[in-house]
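First to last, the sequence lines map onto chains Y and F.
Its first residue numbered 1, the first sequence is counted upward by one per residue in the numbering used here.
Its first residue numbered 1, the second sequence is counted upward by one per residue in the numbering used here.
A portion of the hints provided could be inaccurate.
Stated by the list, open to error - Keeping only pairs whose Cα atoms sit at most 20 Å apart, straight-line, the calculated EDC-like set for lysine to aspartate or glutamate is: (1) Lys58/F x Asp117/Y; (2) Lys58/F x Asp61/Y; (3) Lys86/F x Asp117/Y; (4) Lys58/F x Glu54/Y; (5) Lys58/F x Asp59/Y.
To be verified - Quick list of simulated restraints, FRET-style, between CB atoms: (6) Thr88/F x Pro199/Y: 37 to 45 Å; (7) Glu109/Y x Ala53/F: 25 to 33 Å; (8) Asp34/F x Asp61/Y: 25 to 33 Å.
Think of the hints as simulated: they come from the structure by calculation, not from any bench.
No residue lacks a Cβ here, since even glycine has one placed at the ideal position from N, Cα and C.
Here is how the chains run, residue by residue.
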Amino acid sequence: MADRADTLLALADDELVIGWRDSEWTGIAPMLEEDVAFSSIAQNEIGHARAVYELLSDDADALAFDRPPGEYRCAPLVQLHLLDWAHTIARRWLYEVADEIRITALRDELPVAAKIDREEAYHRMHAEMWHERLQDEPRFRDAVSELWPYALGVVLPEQRAALSARVGLEEVEAVERGVFDDSFAALHEEMTMVRRSAPVGAQW
Amino acid sequence: MVTAEQVWEALEGIPDPEIPVVSLVDLGVIRSVDVEQGHVHVELTPTFLGCPALEFMKRALEDAVAGLGAEPEIEVVHDDSWSTDKITPAGREKLRAAGFAPPAPRLVQVQPHVHRCPYCGSTDTRLENLFGPTPCRSLRYCESCRQPFEQFKTI
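Using the sequences and the hints, build the whole thing.
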């Protein structure tokens with residue numbers, strides 16, 4: 001059983017980083033509706049990250065942005081810099097299915113988890129809509145297969161059988177947390193830039 | 001000495017920063033007001049967790065309480081106590097009058113024909129996009145009066 005603080009930090013880091021990655025579609029999504037959807041989803045995910053960081057620290061911004069890249073606990077799935085829509089949607093769908101399993105598991109001990117889950121319901125509807133539309137497309141199926149080992153790394157080992165049943169793919173070896181994608185250092189650099197460059201005493 | 005009633009009255013004058021036709025009291029985000037010896041403790045619950053207006057609301061509450069000559073103490077409560085069912089009947093009517101469909105009650109949101117056009121009242125409306133100008137809104141289209149409108153999401 002993983003340590004509670006680590007489980008929460010992993011959750012918050014995942015939400016922060018996927019929010020950041022989703023926001024990369026703002027302004028360049030293949031259609032206006034998706035531009036709006038990805039921007040809103042990104043904003044929600046970062047809001048969830050903040051709510052969980054606040055449970056772990058009195059200074060959520062410091063926890064979110066002052067760690068060196070190697071100390072983040074986000075799963076490799078959320079770190080991937082995806083420039084292809086099939087992969088982007090495959091990740092959204094896999095992430096939301098995985099996220100629902102772990103958030104549901106936290107509901108009894110974490111009052112904010114139920115609130116997060118009610119917001120995530122809209123992310124799941126969005127992801128399911130795309131999944132229904134693309135599930136027979138070879139490009140999408142290949143993207144799901146490629147990202148599947150990464151998706152398993154989002155949930156705890158004891159939750160993987162449930163994820164496998166929901167996604168309909170056999171359990172394989174997971175890409176675990178603690179491994180960093182080559183693109184993560186650049187993301188971290190960009191993500192922390194405003195905070196690093198703010199003059200001492202700046203108020204927001 | 002300031003009373004809780006005076007505080008509630010003052011808070012009713014604070015508009016929501018994103019949808020200024022409703023006040024924070026209409027929106028149901030003020031969970032409680034406690035007055036003790038000139039100290040006013042207000043509990044505020046966010047609507048959506050990623051709401052960028054939270055700090056702004058907090059400051060507006062502080063100013064309103066300070067304006068009554070009392071010491072404000074604003075606590076943001078991150079639990080599951082707020083839902084769109086907390087929007088008051090007056091708040092729902094103000095939203096509708098501004099062309100902004102109030103959220104369907106949580107109990108019926110999965111049934112068909114619960115989303116009513118704020119302009120003509122028809123329930124013959126369809127979803128255009130699950131997401132809208134802010135995370136709390138969807139975009140719908142009224143088949144009856146052929147008007148697109150913003151729908152407050154039920155959460």
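Hints versus structure:
| no. | hint | result |
| --- | --- | --- |
| 1 | Lys58/F x Asp117/Y | violated, 24 Å |
| 2 | Lys58/F x Asp61/Y | holds, 18 Å |
| 3 | Lys86/F x Asp117/Y | holds, 18 Å |
| 4 | Lys58/F x Glu54/Y | holds, 16 Å |
| 5 | Lys58/F x Asp59/Y | holds, 17 Å |
| 6 | Thr88/F x Pro199/Y: 37 to 45 Å | holds, 43 Å |
| 7 | Glu109/Y x Ala53/F: 25 to 33 Å | holds, 29 Å |
| 8 | Asp34/F x Asp61/Y: 25 to 33 Å | holds, 29 Å |
Against the hints set out earlier in the document, a violation occurs for number 1 only.
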